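Asker: All chains, please: the whole structure from these sequences, using the hints.
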Amino acid sequence: MTATGGAEVVEDRLPDSGAGGVASRVPGRPLQEVVFPTRLQYSAVVAGYRDSGYETCSDLCGVDYLTFAHRTVPEGVVPERFEVVVNLLSLSQARRVRIRVQVPESDASLDSLFDLYPGTEAMERETYDLFGIVFDGHPDMTRILMPEDWEGHPLRKDYGVGRVPVQFKGAPGPR
Amino acid sequence: MSDVTSTSPAAGGEAPDAHPDTPLEPPLSGHDYLEDGPFVEPQGLVAETSEGPQELTRRSATDASQLRREVGAVLRLPEGVAVDPSDIDIEQTDDETMIINMGPQHPSTHGVLRLMLELDGETVLRTKPVIGYLHTGMEKTAEELTYVQGSTNVTRMDYLAPLHNELVLSLAVEALLGVEMPPRADWIRMLMVELNRVSSHLMWMATNGMDLGSTSMMIYGFREREMVLAFFEKTTGLRMNHNFIRPGGTAADLPDGWEDDVTVICDTVLSRTEEYDELLTGQPLFRQRSEGIGTLSAEEALALSLTGPVLRSTGVPWDLRRSMPYLRYDEVDFDVIVGTYGDNFDRYSIRLNEIRESVRIIRQIVEKMPAGDYRVQDKKVTPPPRGRIDESMEALIHHFKVFTEGFKVPEGEVYVAVESPRGELGCYLVADGSPKAYRMHIRGPSFVNLQGLPLMMRGGLLADAVAVCSTIDPVMGEVDR
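So the sequences go chain by chain: A and B.
The first sequence runs contiguously to residue 175 in my numbering.
The second sequence runs contiguously to residue 481 in my numbering.
The hints are simulated quantities; they were obtained by calculation from the structure and are not laboratory data.
It should be emphasised that the depicted structure is a prediction, and the values quoted were computed from it without experimental measurement.
Note that CB positions come from ideal geometry on N, CA and C, so glycine has one too.
A couple of the hints might just be wrong.
[Stated by the list, open to error] From chain A, some residues computed to sit far from chain B (all C-beta separations above 10 Å):
1) Arg39
2) Ala44
3) Pro74
4) Val78
5) Pro79
6) Arg81
7) Gln102
8) Pro104
9) Glu105
10) Ser106
11) Glu151
12) Pro165
13) Gln167
[To be verified] Derived list of chain A stretches under chain B, where covered just means 3 residues or more per stretch with a C-beta under 8 Å from a C-beta of chain B:
14) 45-59
15) 90-98
16) 121-131
17) 138-146
[Claimed, not checked] Cross-link-like lysine-lysine pairs, in silico, DSS-like; alpha carbons within 27 Å at most:
18) B:Lys436 / B:Lys408
19) B:Lys140 / B:Lys401
20) A:Lys157 / B:Lys408
21) A:Lys157 / B:Lys140
22) A:Lys157 / B:Lys368
23) B:Lys408 / B:Lys234
Answerer: Quick look at the structure:
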C-alpha cells in the first residue's frame, strides 16, 4: 500500500521545459503523491506516467480557489484561480499519483487527456460544465449534468447557491 | 418516450417542423460546436425535452472522427483488439438507421438514464447516454455544510450503497484530521459496508432479473434485501440514508444481540444464493440471454477507467479491498472474483459470488469484533456522551458547539477511495481550515462506468441493450449527484 520513491522519483519524470514543475509529497500520508506541472508540461507529464505503468485515470475534477488563494503550494508554483486535479492509478504497482495543474481565470483552458485516457471524456465534460474550464482537443465539449441552455458554471465560487425566501428577514444568506 | 427521432422519410413526414430535411453541416469539433454549431432549434413537443448538442446527432451530421469515437475505435488498443476503423460504415445513410430515445422515463434504465440509440433494424449501432436529469448540485451543497453535516449529504448520492458514501467521506475527513480510529469503529464500519454490499448486490440481482424477464428473481431479491435493511433500521434508525458512519467513528454502537441477527442474515442469504443458482445460473434461457452479450476486453475497460465488477469481469483482479486495503480488510480472508469474457454472464456471476464472499467476510467480522469505543475519543471531533449533557454545563456547550459550528479541519487536500458495490468510489476533499469543506468531489463509479455502454452495446440487439445497461448497475443518484 505504501508508495515508495516519492518526491525524487517523480521529479525525474518532469520534462525539463524550464517552466517550474514541482513534485511533492504530503508528509505523513502514504499514497498521496502530488505533482504540480505547468500547463505547458501537463500533457507530457501525464503521457510520461501513462508510459511508466499508470494504466488508468481514475478521476479528474476541478477546484475553484477564488476565496482560498493563499493555499499552500510548493515553491515555484504560481497559484491560479482554477486547478484541475487528475488522479492516475497504476494497477500493477498499486499506486496513485495526483496531478494538480494551475489554470488561470483569464484563459480557462487545458489540454484534453482524451487521447491518452479515453475514460476522461465524461469527467472533462463534467469539469467544463461545472467550472467552465475548456479542454482543448476534447471531442465533445458539451455540458453533461446541467441543461444545455444553463447560464454560468455552478461550482465556481462566485456562483451563488440560491436560497428559498424565509420569514426572518435579517437571516444571513449562506454566502 | 417523448420523441422518436427518425430520419426515414415516412416518419419525418409526420413532424416536418421538428426535423427539417435540410442537411446539417458536418465537421463539428471541440467547443466551437457550442458557439455556432449547426444544431437546429427543435420545436413543438421535442423542444420540451431536448438536451441540445448533448444528444446523439444524426449520422449525416456526424463527422468521421466523431463516429469512430462513438463506436470505440479511438481507444488506443493493440492491433486486432480495437475496432477496425475501416469496419465502420461511415457512408451508411440516414435512411437506413433510426435514432430512438430509451428513457429518461423507462422502467429498465434504473432511474432517469436516457439512452439515445441509433438502430439499424434491431441492431444497435451507436449509443449515447444523456445524463443529468437527477442533478441536484450535491457537490455545491457540500461546500455549505459542516463536516458533521457532510455525511447526511453524501449518503443520498448512491442510495443503494449509502454506507459506502458515508465511509469514503469520513475516511477523507479523518485523513486530513490525522485521527486514528479505535479498532472497534473500523470493524463496525466494515460490518456495515459489507452488509450494504450484500443488499446492493441483492437489489441488482432483483432488477437484473426483472430486466431479463425473471420477475420471480425480482421478488426474491427484494425479499432478502429487506432482511438487511431491517438490520440497518435496528442499528442506525433508518433503512436508507443512515448518516451512521461519521467523521470520527460511527453514530452508535451495534445493538444488543447483533451477532444473532447478522448470523441469521448470513445463513439465509447464503442458502438463498443456492436457490438463485437454480433459478438463473443453470437456466438455459438466462444463459442464452447473457453469455457473450455486451463483451468488453480488459484493455478497453482500463482505457475507459471502468472499475468494480465491470472491470473484474474482464479478468483484471482489481479490488481496492485487496489491492489498496483500507479499514481492516487486510485482516480478513476473502477472494476477489474475476471473470474471463467480460460479458453479461460474467458480471452476473461476479456479483452473485461477491455476495458469498461478503457473507464470508461478515462471518469473520462477527468472530473478530473487538471490544472498545465505537468512536474516537478526541474532544475536538467527538461530541460528549448523551448522559454527560444532563449533568455538565461544559458538556452541553461542547455538544452545542460540535453540532452548530462543527469542528475545524486543517488545511490540506486528500483523495481517498473505497470499493463500493459499483467500483471505485473516491472522495477528493480540499479543506481550508474552516469547519466547512472548501471542495468535495465524489468520483462516482457509475458515472464513469456508463462510458463503457456505447462500446458494450455496439452491434448488439435492442433487447439486449436493456440487459447490458443493467449489468453496469448504474445508480442515477450518484451519476448525476
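Asker: Run through the hints listed earlier and report the numbers of any the structure violates, in increasing order.
Answerer: 22, 23
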